[in-house]
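Starting from the two chains in their separate frames, assemble the complex, guided by the hints.
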Amino acid sequence: MIESIISSIGIGGFAGSMIALLIKIAIVFGVVMLHVAYATYFERKVIGHIQMRLGPMTVGPHGILQPVADGIKSFFKEDVIPSGADKAIFKLAPVVSVFAALGCLAVVPFFDGFVLANINIGLLYIFAMSSLSAYGIVMAGWSSNSKYSFLGGLRSTAQVISYEVALGLSLVGVMILSESLNLTEIVNAQQKYWHGMFIIPQFLGAFVFMIAAFAETNRAPFDLPEAESELVAGFFVEYSGMRFALFYMAEYIGMLVMSSISVLCFMGGWTLPPFILEVFPSLAAVPGLVWFLFKIYFHVFVYYWIRSTLPRFRYDHLMSLGWKVLIPLALINIVITALVKYYC
Amino acid sequence: MPIQKGKLRKKELTINMGPQHPATHGVLRLELDIDGETVVKCTPHVGYLHRGTEKLGENRTYLSALPLTDRLDYISSMANNVGYCLAVERLFGIEAPERAKFIRTMASEMSRISSHLLWLGTHALDIGAMTVFLYAFKEREWILDLFEMLTGARLTVTYPRIGGVKADVSEEFLSSLYKFTDEFPKRIEEYETLIDQNRIWLQRTKNIGIISAEEAVNWGLTGPMLRGSGVDYDLRKYCPYDAYDQVEFDVPLGKCGDTYDRYRCRMEEMLQSNRIIRQCIEKLPQGPIMSPDAPKLTLPPKERVQKDMEAMIQHFVLITKGPITAPDGEMYSAIEAPKGELGFYFISDGTGRPYRMRLRSPSFVHASILPKLCEGSLVADVIANIGTIDIVLGECDR
Numbered sequence: 000m001i002e003s004i005i006s007s008i009g010i011g012g013f014a015g016s017m018i019a020l021l022i023k024i025a026i027v028f029g030v031v032m033l034h035v036a037y038a039t040y041f042e043r044k045v046i047g048h049i050q051m052r053l054g055p056m057t058v059g060p061h062g063i064l065q066p067v068a069d070g071i072k073s074f075f076k077e078d079v080i081p082s083g084a085d086k087a088i089f090k091l092a093p094v095v096s097v098f099a100a101l102g103c104l105a106v107v108p109f110f111d112g113f114v115l116a117n118i119n120i121g122l123l124y125i126f127a128m129s130s131l132s133a134y135g136i137v138m139a140g141w142s143s144n145s146k147y148s149f150l151g152g153l154r155s156t157a158q159v160i161s162y163e164v165a166l167g168l169s170l171v172g173v174m175i176l177s178e179s180l181n182l183t184e185i186v187n188a189q190q191k192y193w194h195g196m197f198i199i200p201q202f203l204g205a206f207v208f209m210i211a212a213f214a215e216t217n218r219a220p221f222d223l224p225e226a227e228s229e230l231v232a233g234f235f236v237e238y239s240g241m242r243f244a245l246f247y248m249a250e251y252i253g254m255l256v257m258s259s260i261s262v263l264c265f266m267g268g269w270t271l272p273p274f275i276l277e278v279f280p281s282l283a284a285v286p287g288l289v290w291f292l293f294k295i296y297f298h299v300f301v302y303y304w305i306r307s308t309l310p311r312f313r314y315d316h317l318m319s320l321g322w323k324v325l326i327p328l329a330l331i332n333i334v335i336t337a338l339v340k341y342y343c
Numbered sequence: 000m001p002i003q004k005g006k007l008r009k010k011e012l013t014i015n016m017g018p019q020h021p022a023t024h025g026v027l028r029l030e031l032d033i034d035g036e037t038v039v040k041c042t043p044h045v046g047y048l049h050r051g052t053e054k055l056g057e058n059r060t061y062l063s064a065l066p067l068t069d070r071l072d073y074i075s076s077m078a079n080n081v082g083y084c085l086a087v088e089r090l091f092g093i094e095a096p097e098r099a100k101f102i103r104t105m106a107s108e109m110s111r112i113s114s115h116l117l118w119l120g121t122h123a124l125d126i127g128a129m130t131v132f133l134y135a136f137k138e139r140e141w142i143l144d145l146f147e148m149l150t151g152a153r154l155t156v157t158y159p160r161i162g163g164v165k166a167d168v169s170e171e172f173l174s175s176l177y178k179f180t181d182e183f184p185k186r187i188e189e190y191e192t193l194i195d196q197n198r199i200w201l202q203r204t205k206n207i208g209i210i211s212a213e214e215a216v217n218w219g220l221t222g223p224m225l226r227g228s229g230v231d232y233d234l235r236k237y238c239p240y241d242a243y244d245q246v247e248f249d250v251p252l253g254k255c256g257d258t259y260d261r262y263r264c265r266m267e268e269m270l271q272s273n274r275i276i277r278q279c280i281e282k283l284p285q286g287p288i289m290s291p292d293a294p295k296l297t298l299p300p301k302e303r304v305q306k307d308m309e310a311m312i313q314h315f316v317l318i319t320k321g322p323i324t325a326p327d328g329e330m331y332s333a334i335e336a337p338k339g340e341l342g343f344y345f346i347s348d349g350t351g352r353p354y355r356m357r358l359r360s361p362s363f364v365h366a367s368i369l370p371k372l373c374e375g376s377l378v379a380d381v382i383a384n385i386g387t388i389d390i391v392l393g394e395c396d397r
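Sequences listed follow chains W and H, in order.
To convert, note that position 257 of the first sequence is 256 in numbering that gives the first Met the number 0; the numbers rise steadily by one, no gaps.
To convert, note that position 355 of the second sequence is 354 in numbering that gives the first Met the number 0; the numbers rise steadily by one, no gaps.
Derived by calculation from the structure, the hints in this document are not laboratory data.
Check before you lean on any hint, since a few could be wrong.
[As the list claims (entries may be wrong)] Here chain H is said to cover these stretches of chain W; the calculated rule only asks that three of the stretch's residues, wherever they fall, bring their Cβ under 8 Å from a Cβ of chain H:
| no. | stretch |
| --- | --- |
| 1 | 42 to 56 |
| 2 | 271 to 285 |
[Said to hold, decoys possible] Calculated lysine to aspartate or glutamate pairs in the EDC-like style (CA-CA distance at most 20 Å, straight line):
| no. | chain 1 | residue 1 | chain 2 | residue 2 |
| --- | --- | --- | --- | --- |
| 3 | H | Lys236 | H | Glu97 |
| 4 | H | Lys282 | H | Glu247 |
| 5 | W | Lys146 | H | Glu11 |
| 6 | H | Lys178 | H | Asp195 |
| 7 | H | Lys165 | H | Glu182 |
| 8 | H | Lys10 | H | Glu36 |
| 9 | H | Lys178 | H | Glu281 |
| 10 | W | Lys146 | H | Glu267 |
| 11 | W | Lys146 | H | Asp34 |
| 12 | W | Lys191 | W | Glu277 |
| 13 | H | Lys320 | H | Glu281 |
| 14 | H | Lys295 | H | Asp327 |
| 15 | H | Lys185 | H | Glu97 |
| 16 | H | Lys236 | H | Asp249 |
| 17 | W | Lys146 | H | Glu97 |
| 18 | H | Lys205 | W | Asp78 |
| 19 | W | Lys146 | H | Glu30 |
| 20 | W | Lys191 | W | Glu178 |
All residues carry an ideal CB built from backbone N, CA and C; glycine is no exception.
Here chain H stands alone, though its shape is the one from the complex (with noise of 0.2 Å):
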């Protein structure tokens, strides 16, 4: 708005950052108005990414949409699947076997490890420190190795089924993954020595993107948002799923809510995870891998379509109509994702699709506090807020 001062006219400048921006972690989109090196307003733009995930669910059976999760937040696409698949598996009321349930938490929790690595990698580079990035990617390329030898993809895993999990652990898995649990605490603490005591990322982070505990809730923020607020909230343990209940494990909380709170309590929840990962390992049951009930519900194995008749039908109609036995009515589902409280609403009409498929995804919410968190602070701090909120675009726009 152009300001009247005798006759010289004061205007603010209006930039654009993104989507094609390298510190907008893929097509986010912000409008800036800067007065100097003061933001004065910011507009965040979200849809670049949009494929239309919520609406391609609607068409497809509750089987083959499961892939399309895989790409909302691919970064963490294994504890993606394993929401949508607990969110159908409730719908359906049938329950994954204990050893499935085991396997999920641990993949899921790599995935939080993983994710919370490239947000430190990154986070880390937009502030300027360049090397933490290469040491965070270090590690998080031993955590996909991982998963290849886990599920032979890297980072579009696809791993869960609705009723248990695709195939079975081995040993061999087991045990580089409890190699890496042993090696992965010190990696941290090498991060750590980089940046944890550093002023002048003290100075960049604190008291930067302050969130009060009240805003944190009111925003609807979740995850490590919420959690660096000092809100101890985590679906891990106020409503557990899979076998977060049979192992033991800390939420760390911050207390200002600035953007070194949630640094600190991501650093720590990478340490919680790799604690739970490595009891996942120790307690891992025996028995089968997927749920009885799962037969309606998964594909039969091909050998088995060519020899047999039940099978062969069984697989032509999960292709065609999908599984036919889904009740009418509602469910949401959520789970603790690495990035916050990522929900699966169904409304099914009795019909192999669902009727409605919604997601509530973390990025989204989280971008819509963007604007207050930038508006007064200085435009290297836009940078660091967009770094805090940890936001993935193809979960932001779906």
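Same shape as in the complex, but just chain W (with noise of 0.2 Å):
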């Protein structure tokens, strides 16, 4: 569509496909940090209302102004450094957590045929980029110079390892299944059947991801990194001003990247199962993108709705729960899928 349209005004080539990418980044990048903007009011609001409270009511009406002003107010913060503090990596962790957690977005297609990246290996891209979220929680732990940051980065260290390994083990049932690792190609196999989604066949698959993407993005219950009883809030605790609100930012874009891919893997992505549509079929005329976010939100609010019910885990029961269940589950799920996909 960008491109078309760069075309004919007579930008072609090479040129004109850059700056259509350019724009799609700029449009992705400026819709994905008003979501994280609002993503915190949404938490608000949410956790508030389940506490039978109002959340935040005072900037704007209904509060519809509080991120603008969080966001004013973390970037005139006073920028603190401590003494003791590696400040080269001090400086460039936040950076690290933000850059792997916008470079996930980069091959997310939010409705059909919008991705900045079509490439054929986009979930092994993902797994390595919020991989690399971890280092620069690691990266923040250790150059903070505070025993409470590093054992923050140590928990981080060892939860995401070991919940990484469950998260991919997750997804290569939909890997059996749609035969491929591009994401746009993953949605489009799931309409070939009757449910239009992976997570009917793959429920087993869906739960381990789901459990192990909140251990992946460090929310509750498995926030121990940051846990704010224990380790006061472990590997940021150090930072202030806009380098905080940079892991704050890539927190909640870790939680956008999950749940797109949930919703791209298990759930259909922008598509709706063809069952609903012969019941309803006007509802095919609602462009794509509606129901992408539509169930993107579902799942961010699943997310509020946990943090706000459960209690904390302990660090080994966090990592017997990992290594001793999640794992063999999504070891039982490829072995069945891999037989059902071959004898079927």
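Here it is, written out as structure tokens:
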């Protein structure tokens, strides 16, 4: 769409496609940043109402401008760097975190045909990028020269490495069924089935993925790296101002990325299941982006719901859950999927 | 201690948890030596909130030391006030009238509910269940509003007086409190739906911080800490004071003395407190609220002081010298405060001020068992253990 507009005004070839790509990146970046700002608002409202209070109410009607106020505040806050800190790494850590989170978005198709880089190893690329975010946390924890951040960094390393395995294995079933690693093709593959969603044959994989995604994004009940009652704020305890906000952004983008992978791989992405379309044919007229966002925000809501309901895991329970429950479940899922795929 | 292992030196990481730490409930400081996530050594440091309550008590008359006790365990100031007043009454050999006894019992149980709600909220928050905290605070707010109706203050009430209570209860207050007691058991069920059967909660509390019955007695634990280990010791039953001998209630006991048992104990205690409050409202007798002997110990009303010579002299003497009828001797008197046995010990030399005032505060005793609970456990369990001993530093440091 954007490409055709660019070529119609006379810029063709490589330059044209580059400009089109830059415009797309700007759109995605803008939308995602707005999402991050309002995801914090959404979270505070959802958790607030679950806890029978109102959440932000003062800035703007129903506190709608609260994210803007928070953003301005974090820009103008003093940026404190502890005197014993390793300055270069301290400054680099939040950048690495945000970079890794934003990088994942490059391969996420928001609706049919709208993807920044339609590469055929999309899923692998996302695994690689999301593992990089652990580096940001480890660097932050190490360079702050604080024992609490150090502990948070260590916990996070252990957690992300353990759950990365389960996360990767849980998606192997999807790869077997769709015979592709490209996210657009995975969505299209789901359309060939009557259910239109891999969550039905891959319920075990989807279950493992959901839990591992919580751990991967350091969200409750797996928020051990930043456990406020134990480690105060964990790895970013020494950060302030915009650097702190960058970690926050990384966390919320991470949630968005994990939700979108879940939507793309298990819930049919921007498409509706065929059996629903047969009953309500008029729903086909609704743009795919609407369904995609609807499904994503359902996931995001679940993140908030879980956070306000469950207590925090203990470190050793977290490890035993990851290695003794999730990974075996994911392996069983792979074996069953492979057998079914081979013999049926 | 550095351990020599070939050329590598291995040393525990010492972290300082507190005095400014969200989970140390005030200003408790723990010095933790950790090996990975395991705590090797735990040393509690207290004294950051020391205000010299005991010494101040020696320099004040028996009347004017009462507000100091509010600030001990500031979450259940009513229980402290009652404990102090009872101790002074026993020293002077007077007794509060029946109506005052029932009001005190009722108010003490209200403060027990308020204290346990705060404990539940913060304990759950420390373990990560954030919503329980806000639910519990909603009911606590209700209790504080009721305190405001009863006494005019929400937190530091200074409501009981030596020989009775400050003011009589109104019908309006009693009916509001009765409404609360109707509603409260349902709210307890609500908290329990969130955590009671939650697998993460069970993992975090079952078999954590086990104290056997024998150890609990040897360490001098009292209150839910002792009863969680299965020792049936409750001062309200064992040596009843106020109106506790006229109301029916059970003493909930734990079995294996872990964090979960203590949690269950406190939850049950809240229901029992609710029961006691209901009975107090139903059985509340008519009559005076101050003992007939109390005039020697209580300031006369202000309007009388300005008109009546006798009243003015009494006022003057009480303020400057204190109640000079104090007998010589010693007195230890304890009550079952929400956190455990709260004892007041006086040595009287016959003047209006105690020669020595000493407090036996449950939080201080309970803090001493922290190293035993924490050593060998994980960092996350330290938080659960601090939560389960229900420590208030105002009382611990005095």
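Pairwise hint evaluation, Asp34/H against Lys146/W, where the allowed Cα distance is 20 Å at most: holds (13 Å)
Is the straight-line distance between the alpha-carbon of Lys146/W and that of Glu97/H 20 Å or less? Violated - the C-alpha atoms of Glu97/H and Lys146/W are around 58 Å apart, more than 20 Å.
Decide if the proposed pair is consistent with the structure: Lys205/H and Asp78/W, CA atoms, cutoff 20 Å inclusive. violated (43 Å)
Measure nothing beyond the straight line between the CA atoms of Lys191/W and Glu178/W; if it is 20 Å or shorter, mark the hint as holding. holds (13 Å)
Given hint Asp249/H paired with Lys236/H - CA-CA distance at most 20 Å: holds (9 Å)
20 Å limit on alpha-carbon distance, applied to hinted pair Lys178/H and Glu281/H: holds (13 Å)
Given the hint that Lys146/W pairs with Glu267/H, test it: the Cα-Cα distance must not exceed 20 Å. violated (39 Å)
Are the Cα positions of Lys236/H and Glu97/H separated by 20 Å at most? Between Lys236/H and Glu97/H the Cα gap is close to 18 Å, so the pair holds against 20 Å.
Taking only the CA atoms, is the gap from Lys10/H to Glu36/H under or equal to 20 Å? Distance ~14 Å between Lys10/H and Glu36/H Cα, so the pair holds.
For a C-alpha distance cap of 20 Å, please report whether Lys185/H and Glu97/H respect it. Roughly 31 Å between the alpha carbons, so the hint for Lys185/H and Glu97/H is violated.
Per the coverage rule (Cβ-Cβ under 8 Å, at least three residues), is the stretch 271 to 285 of chain W covered by chain H? violated (count 0)
Assess, step by step, whether the Cα of Lys178/H is no farther than 20 Å from the Cα of Asp195/H, and give holds or violated. Answer violated: Lys178/H to Asp195/H is near 25 Å, above 20 Å.
In terms of the numbered hints stated before, the structure departs from hints 2, 6, 7, 10, 13, 15, 17, 18, listed from lowest to highest.
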